[in-house]
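The whole structure should be built from the sequences, with the hints applied where relevant.
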Amino acid sequence: MAQQTSIYQQPRALTAERHRDWTIAVQQANYRFAANLVAVPIMASEFGAVALEYPIVFARGGDQAVGPLALVGLRDGENLFVSPEGQWTGRYVPALLRQYPFGFAEGTDTSPSLLCIDEASPLLRQDGTGEALFDANGATTPYLNKIVEFANAMMRARKITQLLGERLKTLDLLSERKLTFTETDGRQSTVSGFATVDREKLHALPAETVQELLTSGVLELIHGHLLSLNCRERLRERLTPRPDNLH
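Quick note: the sequence shown uses our numbering, first residue 5, plus one each step.
Hints are supplied without guarantee of correctness; some may be wrong.
Listed next, with one range per pair, are the computed distances between beta-carbon atoms [to be verified]:
no.: 1; residue 1: A20; residue 2: P88; range: 33 to 41 Å
no.: 2; residue 1: H207; residue 2: K150; range: 38 to 46 Å
no.: 3; residue 1: T133; residue 2: L218; range: 47 to 55 Å
no.: 4; residue 1: H207; residue 2: T244; range: 33 to 41 Å
no.: 5; residue 1: A20; residue 2: T174; range: 25 to 33 Å
Subject to a maximum C-alpha distance of 20 Å in a straight line, what follows is the list of computed SDA-like cross-link-like pairs (lysine to any residue) [unchecked claim]:
no.: 6; residue 1: K205; residue 2: A63
no.: 7; residue 1: K173; residue 2: I226
no.: 8; residue 1: K173; residue 2: V70
no.: 9; residue 1: K205; residue 2: L230
no.: 10; residue 1: K163; residue 2: E110
no.: 11; residue 1: K205; residue 2: L218
no.: 12; residue 1: K173; residue 2: K150
no.: 13; residue 1: K182; residue 2: L78
no.: 14; residue 1: K150; residue 2: S117
no.: 15; residue 1: K150; residue 2: W26
no.: 16; residue 1: K205; residue 2: E224
no.: 17; residue 1: K150; residue 2: G107
no.: 18; residue 1: K163; residue 2: I226
no.: 19; residue 1: K173; residue 2: S117
no.: 20; residue 1: K163; residue 2: S220
no.: 21; residue 1: K182; residue 2: K205
no.: 22; residue 1: K150; residue 2: T27
no.: 23; residue 1: K163; residue 2: S49
None of these hints come from the bench; they were simulated from the model. Beta carbons: idealized from backbone N, C-alpha and C, even for Gly.
And the structure:
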């Protein structure tokens, strides 16, 4: 499932030198770029809103980092929350999708984080229409300043989310899971490649560890994750025998 969580095709560092004349079409939200996602990476700060509508699961692969995902599809290449017209049909739109086509490339100890833009995005324009990113002097516009502010907030939230993943991994609380559901024609299908918190492992934690998780806020996030799994039936209800016409 991990290969179906990326939306960036041609990310490039945003610079006035290269993108001064580029604009963004913002007249109407269009989420066709997310039409083939089955899961969307989310931040810990989003759990409250996401848990009301989407199952929260965790991406996990060997020694790789643990990251929370909002499950938005049950079939490969089909996002159940994007309409044929490209509209998001859910109540809450994950922050990563609202940030697109922008995103931060994380820095290292020797290099800073960079604001990037997906140059393959259909939202980009070079015909003078839409919201400008830079003015004639190469300075950032008020529109881009808001984008930078939002992206910075995402970066801060990402660090907290990484701490959540590290804690779940250290305590070995995650177990691989498969979600079985009934297709519209009656066939049984399975979604795999994700993990959820193992209730037995959680209940077996010593009292002092539970208290530490409660104090740090991790326990509240775990409970939100477990409650969100009740949204699985909502995904199944969205299944239709329609052809894949979103690409």
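Evaluation of the provided hints:
no.: 1; hint: A20 x P88: 33 to 41 Å; result: 37 Å, holds
no.: 2; hint: H207 x K150: 38 to 46 Å; result: 44 Å, holds
no.: 3; hint: T133 x L218: 47 to 55 Å; result: 52 Å, holds
no.: 4; hint: H207 x T244: 33 to 41 Å; result: 39 Å, holds
no.: 5; hint: A20 x T174: 25 to 33 Å; result: 43 Å, violated
no.: 6; hint: K205 x A63; result: 18 Å, holds
no.: 7; hint: K173 x I226; result: 13 Å, holds
no.: 8; hint: K173 x V70; result: 7 Å, holds
no.: 9; hint: K205 x L230; result: 13 Å, holds
no.: 10; hint: K163 x E110; result: 11 Å, holds
no.: 11; hint: K205 x L218; result: 16 Å, holds
no.: 12; hint: K173 x K150; result: 35 Å, violated
no.: 13; hint: K182 x L78; result: 11 Å, holds
no.: 14; hint: K150 x S117; result: 17 Å, holds
no.: 15; hint: K150 x W26; result: 17 Å, holds
no.: 16; hint: K205 x E224; result: 16 Å, holds
no.: 17; hint: K150 x G107; result: 13 Å, holds
no.: 18; hint: K163 x I226; result: 17 Å, holds
no.: 19; hint: K173 x S117; result: 26 Å, violated
no.: 20; hint: K163 x S220; result: 14 Å, holds
no.: 21; hint: K182 x K205; result: 18 Å, holds
no.: 22; hint: K150 x T27; result: 15 Å, holds
no.: 23; hint: K163 x S49; result: 11 Å, holds
Figure legend: structure checked against the earlier numbered hints; hints not met, in rising order: 5, 12, 19.
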